Amino acid sequence: MGCQSSHPSAIPELDEIMLETGFSQASVVRLYDRFQALDKEQKGYLSKYDLQGIGELAVNPLGDRIINAFFKEGEDLTDFRSFIRVLAHFRPVEEGKSNETGRPEPMNSRLRKLQFAFQLYDQDSDGKISRDEMLQVLRLMVGIQVTDEQLVCIAERTIQEADQDGDGAISFEEFATSVEKLNVEQRMSLRLLK
Amino acid sequence: MLWGWERYSITPSPFPEWATLRIERGAKEKNHPLYKPYVNGIIAKEPTSLEEEIKEIRRSGSSKALDTPEFELSDIFYFCRKGIETIMDDEVTKRFSAEELESWNLLSRTNYNFQYISLRLTVLWGLGVLIRYCFLLPLRIALAFTGISLLVVGTTVVGYLPNGRWKEFLSKHVHLMCYRICVRALTAIITYHDQENRPQNGGICVANHTSPIDVIILASDGYYAMVGQIHGGLMGVIQRAVVKACPHVWFERSEVKDRHLVAKRLTEHVQDKSKLPILIFPEGTCINNTSVMMFKKGSFEIGATVYPVAIKYDPQFGDAFWNSSKYGMVTYLLRMMTSWAIVCSVWYLPPMTRQPEEDAVQFANRVKSAIARQGGLVDLLWDGGLKREKVKDTFKEEQQKLYSKTIVGNHEDRSRS
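Note that the protein sequences, when read in sequence, are chains A and B.
Using full-length UniProt numbering, read the first sequence as starting at 1 and increasing by one per residue.
Using full-length UniProt numbering, read the second sequence as starting at 1 and increasing by one per residue.
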């Protein structure tokens with residue numbers, strides 16, 4: 001009965017999710033509705049196919065990599081808790097919240113946002129962006145519009161500029177340093193309407 | 001055939017406003033979190049283009065001189081954020097579920113906060129249920145039964161007549177009468193605008209598609225030739241009967257895939273100027289009446305005059321959208337017959353023809369925009385069939401082209417080392 005709304009009691013582990021992600025109850029309910037709308041066969045899980053069906057995501061050059069970020073290694077299904085954990089990275093940072101030592105790093109901190117972006121580059125998760133990985137991402141973003149030579153040129157120059165310890169690859173710290181002036185908190189945040 | 005009380009237009013009832021306020025007050029008293037429908041999407045979006053955003057990111061991130069096309073590590077943030085944004089909320093997925101209303105119309109199917117709030121409200125709702133299910137529903141089912149039987153019997157009888165003026169005259173009036181009875185069966189209150197633009201013989205009538213009821217609504221005001229696939233069951237019986245009296249264009253399931261065959265039969269039909277206007281829904285699927293999606297170009301390649309029609313339902317009295325993945329046809333019709341009423345407006349737009357410099361796709365888009373503008377609907381480029389198929393690569397290439405310009409510019413490569 002009813003359209004697409006869920007009652008808060010229908011959401012499993014609601015309190016843990018709110019604690020872990022920092023989302024308000026209204027936001028969690030809203031995202032749960034979204035989860036169910038995407039889960040067309042009502043499996044209770046999302047598959048990669050469900051996410052690939054979003055037209056606007058399929059035209060995003062990095063669409064497939066973003067989808068993969070929701071799924072654990074080798075798995076093809078994700079439940080609501082894992083789904084909202086990824087989305088939690090994009091929660092806006094609240095003003096004036098001090099970083100208390102001893103508490104776990106909040107999921108939407110600058111560090112976590114940078115780590116999320118880094119993993120889109122670093123597919124083999126070895127903690128470094130190699131020249132090949134850089135080329136792969138560049139190729140995804142430009143398609144057939146740019147020649148190989150130009151891309152190699154761009155990739156090598158980028159690594160040269162960011163690489164500080166001279167190992168020919170960009171580590172996470174080097175990545176973080178190269179974007180330290182950037183307002184990452186704002187660029188990697190999505191504000192849910194109340 | 002019009003009953004007296006339907007000549008009066010529907011004035012907005014005060015009940016929905018009152019019901020909504022009552023719910024809000026009750027929720028506050030009991031400290032329940034209230035679910036507010038998001039009519040404008042759930043994310044605060046900034047409408048900037050790809051180039052602008054990437055420039056902004058680079059400007060704030062590095063101290064280098066700008067305006068030289070260069071790749072930056074931070075460019076990835078743009079695609080990342082856009083991607084997650086569409087996962088949270090995209091334009092297409094929400095068009096395939098019923099529209100969310102700001103105020104409650106006393107139907108529990110549209111109420112998200114349906115819990116016990118107050119005695120008065122529940123009594124009112126209960127009364128509504130009683131009226132709708134025990135009084136209106138049997139009346140409507142009786143009417144529907146009458147309408148459909150008359151249609152089948154009437155058209156079969158007319159089919160036995162020899163071809164000529166009498167047959168046409170009778171066929172037209174049998175069709176119109178039966179469709180009008182069906183309209184009563186749904187208590188559809190329709191306002192037709194600009195009836196002087198009604199489709200003429202030899203033309204094609206295109207309209208936005210929300211539910212199978214669209215056909216009944218248009219066919220009760222004009223005599224059309226229908227196009228469609230032959231179904232089994234009751235639909236099939238009706239289809240086989242009506243084609244005896246009037247040349248509708250029905251296809252077997254296997255023929256539907258053959259685009260050339262479809263185009264050929266349609267062309268043959270429209271070239272005969274005495275033939276009835278064809279009724280087509282170019283979206284190919286039911287959308288929830290908040291937007292118009294991509295029109296399939298097939299009907300626009302034939303070269304006939306196109307008569308666009310915009311249909312807009314008023315969701316206050318009953319939501320007409322058919323969510324075919326959620327409800328079967330029978331469940332859907334029962335839901336329609338237990339709503340208060342189906343209220344809609346139909347606008348007949350002036351006829352359009354394909355200009356020499358346009359191709360079929362541009363013509364289709366032009367017609368689509370006209371319909372969207374008139375009906376107050378969002379004009380989307382996406383294909384309604386997206387819910388079943390994958391999107392074309394050309395859209396992705398556009399994004400890639402735009403992005404490439406920001407890293408290599410418009411000229412050939414200049415060596416930078």
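Please keep in mind that the hints were generated in silico from the structure rather than gathered at the bench.
A hint or two may mislead.
Stated by the list, open to error - Lysine to any residue pairs mimicking SDA-like chemistry, simulated, CA-CA at most 25 Å apart: (1) Lys-181(A) / Val-330(B); (2) Lys-128(A) / Asp-79(A); (3) Lys-405(B) / Arg-85(A); (4) Lys-55(B) / Ile-144(A); (5) Lys-401(B) / Ser-24(A); (6) Lys-405(B) / Leu-38(A); (7) Lys-172(B) / Tyr-133(B); (8) Lys-43(A) / Lys-94(B); (9) Lys-55(B) / Glu-185(A); (10) Lys-405(B) / Arg-157(A); (11) Lys-94(B) / Pro-61(A); (12) Lys-405(B) / Lys-43(A); (13) Lys-94(B) / Asn-183(A); (14) Lys-172(B) / Pro-138(B); (15) Lys-94(B) / Ala-58(A); (16) Lys-326(B) / Asp-64(A); (17) Lys-94(B) / Ser-24(A); (18) Lys-94(B) / His-7(A); (19) Lys-48(A) / Ile-407(B); (20) Lys-326(B) / Asp-79(A); (21) Lys-326(B) / Ser-24(A); (22) Lys-326(B) / Asp-39(A); (23) Lys-43(A) / Asn-323(B); (24) Lys-405(B) / Asp-132(A); (25) Lys-401(B) / Leu-151(A); (26) Lys-94(B) / Leu-192(A); (27) Lys-401(B) / Phe-118(A); (28) Lys-401(B) / Lys-128(A).
Since the model is a prediction, treat every value here as computed from it, not as a measurement.
Here's how the hints hold up against the structure:
no. : hint                    : result
1   : Lys-181(A) / Val-330(B) : violated, 61 Å
2   : Lys-128(A) / Asp-79(A)  : violated, 29 Å
3   : Lys-405(B) / Arg-85(A)  : violated, 35 Å
4   : Lys-55(B) / Ile-144(A)  : holds, 22 Å
5   : Lys-401(B) / Ser-24(A)  : violated, 39 Å
6   : Lys-405(B) / Leu-38(A)  : violated, 34 Å
7   : Lys-172(B) / Tyr-133(B) : violated, 34 Å
8   : Lys-43(A) / Lys-94(B)   : holds, 19 Å
9   : Lys-55(B) / Glu-185(A)  : holds, 17 Å
10  : Lys-405(B) / Arg-157(A) : holds, 18 Å
11  : Lys-94(B) / Pro-61(A)   : holds, 23 Å
12  : Lys-405(B) / Lys-43(A)  : violated, 42 Å
13  : Lys-94(B) / Asn-183(A)  : violated, 32 Å
14  : Lys-172(B) / Pro-138(B) : violated, 29 Å
15  : Lys-94(B) / Ala-58(A)   : holds, 17 Å
16  : Lys-326(B) / Asp-64(A)  : violated, 28 Å
17  : Lys-94(B) / Ser-24(A)   : holds, 22 Å
18  : Lys-94(B) / His-7(A)    : holds, 19 Å
19  : Lys-48(A) / Ile-407(B)  : violated, 31 Å
20  : Lys-326(B) / Asp-79(A)  : holds, 22 Å
21  : Lys-326(B) / Ser-24(A)  : violated, 30 Å
22  : Lys-326(B) / Asp-39(A)  : holds, 13 Å
23  : Lys-43(A) / Asn-323(B)  : holds, 18 Å
24  : Lys-405(B) / Asp-132(A) : holds, 22 Å
25  : Lys-401(B) / Leu-151(A) : holds, 14 Å
26  : Lys-94(B) / Leu-192(A)  : holds, 16 Å
27  : Lys-401(B) / Phe-118(A) : holds, 24 Å
28  : Lys-401(B) / Lys-128(A) : violated, 28 Å
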